[in-house]
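One letter stands for each residue in the lines below.
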Amino acid sequence: MAKSISLKRDGFSPFMTLIYIIMSLVGIITLFPFFITMVNSIAPPEDFIMKDIILWPSRFDLSYYKLILTSGSDIFAAYKVTLFVTVVGTAVNLVITAMTAFVLAQKKLPFRSQITVFIVFTMFFNGGMIPNFLLVQKLNLLNSLWAMILPGAISTMYMLFLRNFFMTIPTELYESAALDGCSEVNTLIRIILPLSLPALATFTLFYAVDHWNDFYSGMLYISDYKKQPLQVYLRQVLYDATVRADPETMQKLLGDGELKYEPPSDAMKAATVISATLPIICTYPFLQKYFVKGMMMGSLKG
Amino acid sequence: MKKFVAMLLVAVFCLIAAVGCGTGTSDVTTTQGTTAGKTGAPSAQKPDTPAKVVWYWNEGNVQLPDDSYICKKIKEDLNIEYVHISPKGTDYEERLQLLLASRDIPDVITSYNTLTSNLVKWGVVQPLEKYLTNDYISNVIRVEPNWDTAVKYLTRPDGHIYSIPNCNRTIVAETPFIRYDWLKNLGLEVPKTYDELKKVLDQFTKNDPDKNGKNDTVGTMANEFYGLQPIAVNFAAAPDSWYKDGNGGVTLGMFLPRHKDYVKYVKSLIDSGALSKELATTKFDNVIEKLKAGKVGFLFTWNDFRHNKEIIKVQPEADWRPMTPPKGVYDQGYLPSAWLMREEYCISSQCKNIDAVFKLMNYMANDTSTEEKMDYTGSYWPMKYGEPGVNWEITSDGKIDMGSVNKALEERNKADTWAGRTRRFISKFDMTWKLSLTPDELKVRNEIDSYPLSINIPDSDSLKSINVEPLVMPDNASQFSQEWLLVKWTEFFYKAILGKVDIDQGFADFVAEADKAGVKDINDTMLKALQAANLLK
Amino acid sequence: MTNINPGKSKMLLDILKFRYYYLLLLPAIIFYIVFSYIPMGGIIVAFQDYNFMKGILGSEWVGLKWFEMLFTSSDFGTVLRNTVLISTYTILVTFPTPIIFALILNECRNLTFKRTIQTVSYLPHFISWSIVAGLIVTMLSPSAGIVNQIIKLMGYEPIYFMAEPQYTRGIIVLSVLWKELGWASILYIAALTGVSAELYESAILDGANRLQQILYISIPGISNIIMMTLIFAISGLFNVGFEQAYNLVIPATYETGQVISTYVYKIGIRNMQYSFSSAVGLAQSFVSMLLIIGANHAARKFNQDGAIW
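Chains as they are written, first to last, in our numbering: chain A, 163 to 464; chain B, 100 to 636; chain C, 1255 to 1563.
Source of the hints: derived by calculation from the structure; they are not laboratory data. This one's a predicted model, so the numbers in the text were calculated from it and none came from an experiment. A portion of the hints provided could be inaccurate.
To be verified - Have a look at the derived ranges for each label pair, beta carbon to beta carbon:
| id | chain 1 | residue 1 | chain 2 | residue 2 | range |
| --- | --- | --- | --- | --- | --- |
| 1 | C | Leu-1365 | A | Lys-269 | 33 to 43 Å |
| 2 | C | Asn-1364 | B | Glu-416 | 39 to 49 Å |
| 3 | C | Leu-1318 | A | Lys-451 | 52 to 62 Å |
| 4 | B | Asp-370 | C | Asn-1557 | 53 to 63 Å |
| 5 | A | Ile-184 | C | Phe-1540 | 20 to 30 Å |
| 6 | B | Glu-193 | A | Lys-451 | 35 to 45 Å |
| 7 | C | Ile-1473 | B | Gln-604 | 25 to 35 Å |
| 8 | A | Ser-220 | B | Asp-370 | 33 to 43 Å |
| 9 | A | Val-279 | C | Ser-1477 | 19 to 29 Å |
| 10 | A | Pro-356 | C | Leu-1318 | 49 to 59 Å |
Claimed, not checked - So these bits of chain B aren't anywhere near chain C, every CB distance computed over 12 Å:
| id | residue |
| --- | --- |
| 11 | Leu-177 |
| 12 | Ala-200 |
| 13 | Gly-222 |
| 14 | Lys-229 |
| 15 | Asp-315 |
| 16 | Gly-347 |
| 17 | Arg-357 |
| 18 | Pro-425 |
| 19 | Phe-606 |
| 20 | Ala-631 |
| 21 | Asn-633 |
The C-beta atom is built at its ideal place from N, Cα and C for all residues, glycine as well.
Please put together the full structure from these sequences, using the hints given.
Here you go:
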């Protein structure tokens, strides 16, 4: 196996060097916003005043993070809420999406087209904020964390993509599985899923990020401020720090107060974004191995 | 066995869904953990069951801790269970829509002019005239200095009054501030007219007023609403104010021929570099940052100008001072008075505890329980007042004598007005506002923050803008169309001042397009409404 | 199990054969009915003057009033044209690039490099639009921005990019590319790992060079994903994301940058004009549905698997 791979990739050529250089440039360009945001989140207020764009802080100032931690009621509760919704929500998402995609991947399924249209139709026509809210209310889901999980249990787009991934698996596998006496569900669990790990990893990531960044359903359905998800909570912090700001408040909150100024809104925005984003970015490396390694189709015999 | 797995999965799902559905509530107004009861049934039959009052504020997301001191006190003193809902600025309308759609109408809604119109139209709120007497809200009437005027303002065309007023204590305006040290460095006088202002700003831009050897300063920075609007007012052509059109009718400032003068003036500032060309992309924050950086010499800004304290810290040598607005088309420099009404409180048509509501309002208006010198420091409604020659003077060596202003400030802080009281009441919900300032900080704040102040246009001036605030906006002249006009106007404005279109031609085109869209109807409706309300003098 | 009609009996037999599949499908069907179809009734507010107290059933009917208002508004032509143009440019620019990016990245041998570049490339997706827009405005600033510094060095006058209408659409499209390139490529990278290594091996043995491998193995291998992405992109022709248009378009450039979503927001949203915004949404949905039907139909001719139905 290893030998065949090296046949595929020839050694270093000028062409490859060019590719590496271009990709590095792309990497630098796309890293730039995140880098600037990180720098903004630890730059002192005078930098924002004196410079147009901060490429490196003149000193490190953690007061914005301190403010985020101490302002508001309890940021850890918000993290916990979002964590719960993300983990449980993604699990629910994956199971139901995989089931549905699996079924719709069966080309011989009667009424397959019609069912797909039935589902796709919902992507376009939506009742709007008020009917959705009333529905959630009728179902007694208001102020429950499940309100952030159930209404979005399936993303039609992801499901259809997953279906297409499943469709690339050759039908011979089904036949050999059936010969072995596998039920449909078992086929799904024992054969299809293991062969679709890159796809599953992709949609795990997509669903997880969607849940993590979800602001709208938290704002709409949760009025109990102790159950607010992270994004809603942080938006509140940002608002308090920038729109309603009172320098004495900041000083009191920060004790001896490094922060003698109203925190620049750019700094607070940056710190908020980093606080929200860092955890989810850190989970990506764990999923990445599924993309990069991939699964060889050589397991046909399995 | 294997076939059961499929059924099991399905069953698990239904279970999850059912369990999930059970964990929430249908109570829309829950803000505290689990203590709020179910919706509806606010039965206060038993004498010791607290009556529930839900009040929907527009205060910017104040969150109530469970053991909130004020809620406990209200329950103790009044036997009322008070629910305080205060969503963040932009969420205010959205949350209200949801509450209304789910028929969970708050008992009291803090509202404003156009919203009240909608609420009345939809039947959400009830008429209140019979309650606006001493039998019900004597304390409120007592502490509201403008009660009679306000009540008159709030009377709608159908003869009913749907809200309880809360008036601005005083008037606030945008005051021009200028870098006094730059003036001194360049040997200039405080400008008195707009032409003089332009000359000063040009010098600020070109002649290195901060003497740092770099050509990095600019006369002023602004965008179309922040910083430039007061200039438009002084040209008697503020785009979104109503004026007499000289032919017996009324129209918006943006359509008056003299509006062109204003646009030309702004363009001249840009052409000479006195106004930063980047104003089209400048947000409010950026303007302030540039101010702090010491690059700007002049700005119309709100006279609380709290950023001033930070400027002191960043640039101690900066000497920002307020000045009388330069003379425009009026006899003196003028700024518009602020609205009389700060907010209004409507009561839901489904309110079952209206007695409790009034009891609560009276309590709020009579609140002597606070000893704190609570000073509302938010940026929305700074409450300052006074007049040049009355409360402050500019002495011969160019300083501001604020002896009388300090006194006024003290009085304001102890103000026994409805507005002052409600502010203090609200502030109790937010623990972070419970601050008192050290004597030094107070001194600094008093000195810097108490700069001038509002200046009123005398009644006899035929150029003044028409105060349409008390007018219940007729549908045609509603904000809906005005928003559109404003969008079109900003487009024209920027094209004109950036030199993309000839001002006279562009103005003619703009007016023609608005005419085609039916501006005349809006003007006529407005005229009739103003006449009916007797607001045209 | 004997039926009179042979055709019918085949269908029934099929249904029976697939019965456990249908069972697996049940939760999804329930989900769509409950969370999508039931609230869908709310669409009728687009034809009403929604009164919050009277609710959906009690509000007054106004028929096509809002649609008329939208279509006869003098700005509608401009706004529609901008929306379609910006979407089209966006599709042209941001559709092929993630694919190319994924393909090239796939060719890189160094695993660490590959992982680093991939991780870094999707980071902008997490930064909110207001921050990205702020960065862009700063970089394009005529006084301090880096782009204009370079222009000045070359001896030209600085250009106020943000205020010049001819640049607005380009700025929007390139910003979207910058922000979403990495994230969009994840899907393709995952798909590429599924292409069988044996295919590559046999191609190499047949003497195919790298480019030919990409053209004849990689791309066909992920073609059904590509096709589906394209169909979804086309269906979004009449929607330009609110965030980017709101943050990057200023009044001076409304003539090229004002799109349907921002226009409706500016004139309607603050007045609780719920019905109006519903009507606009409905019109856009309707058009999107037509587009996806068309795109899907075309796709079916091309590549049966890539089509949605």
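Each hint tested on the structure:
no. : hint                               : in the structure
1   : C:Leu-1365 x A:Lys-269: 33 to 43 Å : holds, 36 Å
2   : C:Asn-1364 x B:Glu-416: 39 to 49 Å : violated, 56 Å
3   : C:Leu-1318 x A:Lys-451: 52 to 62 Å : holds, 55 Å
4   : B:Asp-370 x C:Asn-1557: 53 to 63 Å : holds, 59 Å
5   : A:Ile-184 x C:Phe-1540: 20 to 30 Å : violated, 42 Å
6   : B:Glu-193 x A:Lys-451: 35 to 45 Å  : holds, 42 Å
7   : C:Ile-1473 x B:Gln-604: 25 to 35 Å : violated, 54 Å
8   : A:Ser-220 x B:Asp-370: 33 to 43 Å  : holds, 36 Å
9   : A:Val-279 x C:Ser-1477: 19 to 29 Å : holds, 22 Å
10  : A:Pro-356 x C:Leu-1318: 49 to 59 Å : holds, 54 Å
11  : Leu-177                            : holds, 29 Å
12  : Ala-200                            : violated, 6 Å
13  : Gly-222                            : violated, 5 Å
14  : Lys-229                            : holds, 22 Å
15  : Asp-315                            : violated, 9 Å
16  : Gly-347                            : holds, 28 Å
17  : Arg-357                            : holds, 22 Å
18  : Pro-425                            : holds, 26 Å
19  : Phe-606                            : holds, 16 Å
20  : Ala-631                            : holds, 23 Å
21  : Asn-633                            : holds, 27 Å
Of the numbered hints stated above, those contradicted by the structure are hints 2, 5, 7, 12, 13 and 15, listed in ascending order.
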